[in-house]
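Asks: As a plain string of letters, each chain reads:
Protein chains: 2
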Amino acid sequence: MPKAPTVYDVADLAGVSIATVSRVFRKPHKVSQATKDRVDAAVLDLGYVPSGSARSLAARRAGAIGLCFPDFDGIDGGPAPIAYADGKVIARLDPPEDVEPSGNLYISEVMLGTEIEAWRHGMAVTIAVARGERGNEIFDNLAGRVDGMVTLSQTVPEGLLAHIARRIPVVVIAGPRAGDDYDHIGTDNVAGMEAMTKHVVDVHGVRDVAFVGGPADSPDDRDRFEGFRMGLLAEGIEAPSEPLLRGDFTRGHGRMLGRRLVEAGPVPRALMCSNDQTALGILDALLAAELRVPEDVIITGFDGIDASEMSRPRITTVRQPMRELGRAAVDTLLRRLGDPLMPPQTRTLPVTVLLRESCGCLP
Amino acid sequence: MPKAPTVYDVADLAGVSIATVSRVFRKPHKVSQATKDRVDAAVLDLGYVPSGSARSLAARRAGAIGLCFPDFDGIDGGPAPIAYADGKVIARLDPPEDVEPSGNLYISEVMLGTEIEAWRHGMAVTIAVARGERGNEIFDNLAGRVDGMVTLSQTVPEGLLAHIARRIPVVVIAGPRAGDDYDHIGTDNVAGMEAMTKHVVDVHGVRDVAFVGGPADSPDDRDRFEGFRMGLLAEGIEAPSEPLLRGDFTRGHGRMLGRRLVEAGPVPRALMCSNDQTALGILDALLAAELRVPEDVIITGFDGIDASEMSRPRITTVRQPMRELGRAAVDTLLRRLGDPLMPPQTRTLPVTVLLRESCGCLP
DNA sequence: TAGCTTAATGTATGCGCATACATTCCATTG
DNA sequence: CAATGGAATGTATGCGCATACATTAAGCTA
Numbered sequence: 001m002p003k004a005p006t007v008y009d010v011a012d013l014a015g016v017s018i019a020t021v022s023r024v025f026r027k028p029h030k031v032s033q034a035t036k037d038r039v040d041a042a043v044l045d046l047g048y049v050p051s052g053s054a055r056s057l058a059a060r061r062a063g064a065i066g067l068c069f070p071d072f073d074g075i076d077g078g079p080a081p082i083a084y085a086d087g088k089v090i091a092r093l094d095p096p097e098d099v100e101p102s103g104n105l106y107i108s109e110v111m112l113g114t115e116i117e118a119w120r121h122g123m124a125v126t127i128a129v130a131r132g133e134r135g136n137e138i139f140d141n142l143a144g145r146v147d148g149m150v151t152l153s154q155t156v157p158e159g160l161l162a163h164i165a166r167r168i169p170v171v172v173i174a175g176p177r178a179g180d181d182y183d184h185i186g187t188d189n190v191a192g193m194e195a196m197t198k199h200v201v202d203v204h205g206v207r208d209v210a211f212v213g214g215p216a217d218s219p220d221d222r223d224r225f226e227g228f229r230m231g232l233l234a235e236g237i238e239a240p241s242e243p244l245l246r247g248d249f250t251r252g253h254g255r256m257l258g259r260r261l262v263e264a265g266p267v268p269r270a271l272m273c274s275n276d277q278t279a280l281g282i283l284d285a286l287l288a289a290e291l292r293v294p295e296d297v298i299i300t301g302f303d304g305i306d307a308s309e310m311s312r313p314r315i316t317t318v319r320q321p322m323r324e325l326g327r328a329a330v331d332t333l334l335r336r337l338g339d340p341l342m343p344p345q346t347r348t349l350p351v352t353v354l355l356r357e358s359c360g361c362l363p
Numbered sequence: 001m002p003k004a005p006t007v008y009d010v011a012d013l014a015g016v017s018i019a020t021v022s023r024v025f026r027k028p029h030k031v032s033q034a035t036k037d038r039v040d041a042a043v044l045d046l047g048y049v050p051s052g053s054a055r056s057l058a059a060r061r062a063g064a065i066g067l068c069f070p071d072f073d074g075i076d077g078g079p080a081p082i083a084y085a086d087g088k089v090i091a092r093l094d095p096p097e098d099v100e101p102s103g104n105l106y107i108s109e110v111m112l113g114t115e116i117e118a119w120r121h122g123m124a125v126t127i128a129v130a131r132g133e134r135g136n137e138i139f140d141n142l143a144g145r146v147d148g149m150v151t152l153s154q155t156v157p158e159g160l161l162a163h164i165a166r167r168i169p170v171v172v173i174a175g176p177r178a179g180d181d182y183d184h185i186g187t188d189n190v191a192g193m194e195a196m197t198k199h200v201v202d203v204h205g206v207r208d209v210a211f212v213g214g215p216a217d218s219p220d221d222r223d224r225f226e227g228f229r230m231g232l233l234a235e236g237i238e239a240p241s242e243p244l245l246r247g248d249f250t251r252g253h254g255r256m257l258g259r260r261l262v263e264a265g266p267v268p269r270a271l272m273c274s275n276d277q278t279a280l281g282i283l284d285a286l287l288a289a290e291l292r293v294p295e296d297v298i299i300t301g302f303d304g305i306d307a308s309e310m311s312r313p314r315i316t317t318v319r320q321p322m323r324e325l326g327r328a329a330v331d332t333l334l335r336r337l338g339d340p341l342m343p344p345q346t347r348t349l350p351v352t353v354l355l356r357e358s359c360g361c362l363p
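Each protein sequence line maps, in turn, to chains A and B. For the first sequence, this note's numbering gives the first residue as 1, with consecutive numbering after it. For the second sequence, this note's numbering gives the first residue as 1, with consecutive numbering after it.
Rather than coming from a laboratory, the hints here were simulated on the basis of the structure.
No copy labels: a pair is met if it fits in one copy or bridges any two.
SDA-like cross-link-like pairs, simulated, lysine to any residue; straight-line CA separation at most 25 Å:
1. K3 with A58
2. K3 with A59
3. K30 with L46
4. K198 with P313
5. K3 with L46
6. K27 with R134
7. K3 with D140
8. K3 with A54
9. K27 with A54
10. K27 with G159
11. K3 with S17
12. K3 with G47
13. K3 with R55
14. K3 with R166
15. K3 with L57
16. K36 with L161
17. K3 with H121
18. K3 with L341
19. K27 with L57
20. K3 with R335
21. K3 with A165
22. K3 with P340
23. K36 with D140
24. K36 with A54
25. K36 with R166
26. K3 with D40
Throw the hints in and build the complete structure from the sequences for me.
Replies: Now the structure itself:
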């Protein structure tokens, strides 16, 4: 790859000044057609592509927004995939046990939403996962190259986030306000879980309901538990002050909790889980112990990931509008860029309760 | 947001030169501890975050790779999502008819794979969809701000791609070599479809097999049809020179084809489709016509999207390692950056045949 | 102690572009 | 025909950083 041509090269070849070359790209209407044609020809001839770095520097805007996630799954991917040359035939007829977990639908959907909304405003999206020991560095790096940042809560330490926020606007997804000054986008965890709880009690007539939580420091988990309690209280049922058990939001941990429940004696009539992965893990364990779902035990989840629809029975859950989260975050970010003095925003998106087999609503 | 501090500000406050500030970030080992401490303090004090644009410009590398997709779904998203303020409770108990289509698992997975491999090499990923009339401009813009580009074939016109490739390395996913000089990452369409064909003939004893193709200009489709023919020939069955029908890879079009098949008279005993969406559409139509799958008609797909696992019956299909595609693309891209003179690479990733209900393998 | 080496830091420059401002060229106008 | 104004283009500068090279200080050798 020979040295890339610059505005100077194009200007020389077209016999114009660099300002004119720049105008052909940025303000075409200010250049005569004849000149434009000569410049275009030179551009094609030389294979010129404007440098985004130089442009961003000179224009004082990056034209991109950053999206940074924590490393939910601890995926480091291992070495790059094995490949083989053309002609060698490999096809397996195995059952799909080797299919990788669908991973983070959540992240994927937020990404898609982010991209769509960014596109509508002519911006690119730069993504990075603050993964590993250099996670903070990754975050910092990303912040330096974008006009604003969307991040999930808990991605980096508060101090770093505050540091970044002095330079560019930051929108936090899924973390409720904690007295900070960031803009926040959340979903209605409380209302969702409250509605789900009432459904289980009202429609299925169950009063022996327990809550299986997630990490104690998760704001989402806290809100969902709060919704659970409100649901119970509204039904005149005494509400516990703590979840029956806590997992770490992974399916594996959910399985462990399920086994523990089975061993500990009679399993509650209904288990309301703080997320889908936990619900799926518990389902795995209960089915393995020959319990029937929903006949013996009702299970519900939260999130609405695709995997919740692929289990048998399928999981009744509360769907978060994941793609909308991304879109709303970008929308808010761009508003903030337009009006830096606007007071801190908090937007809460509505959730949807999805009734399926695991609560007994579908056969 | 007041004017962001620069190296100069930090240097002044710390009483050092800008070179030293820069070194604290880039070559910390070349700075004495005492100096480093003073600089760090100034950085925190001022809220300094290095400008990525300036860094990229000066260092002549962006530290990011680009990922550009075509607009598969024609999603423009419409206006940003409705939100409501805190406290207002909305939760619905409707069936999930409003759940948005799972969209592009394919794209999502490639994104995730790309990000993982980029992370392993300390690079960020900038994504953009070449969507709408300004698609080419988006692509061009993206190209200017990254060190290399991963793109799906058919994303932009060949001329533009060639133009970009003069400046930065380009890796094309899913498009087989067409005599061009790009690096390519593909999946083994031929072997996958051949194995699937043999399976249907051998295991299920079906000889009345037809192929439902996709767009005639799709290289993937061409290869899959070729695999189909090879499978038949290997079984001693005469192979057609053209697909029985062609769709456009969408489910809607698949439904139409399905209805047409039903009307046209006896439906072949097995329909092998060039992608999952088409298979799902045909399944919809056959079930609507009261035909039984797989008892009356066997249906198979290709891709392994999640939706293929959520239908009833679930679709037997050939799974592409989508995440691995992204990883392999980045891997190849970085090799290319390391050795620009390396001959053009082509890597083909193995596929997996997933046997499920729609061919009769699972009850 | 002169001469040499190495560590630490500073100086000066350029990366490639956008843009404020200056200049040139015409077409109008009175 | 001189004065005016707008369109098209050019000149000059700075965006914020990395880095080659220069400089200084300090330790070490013979």
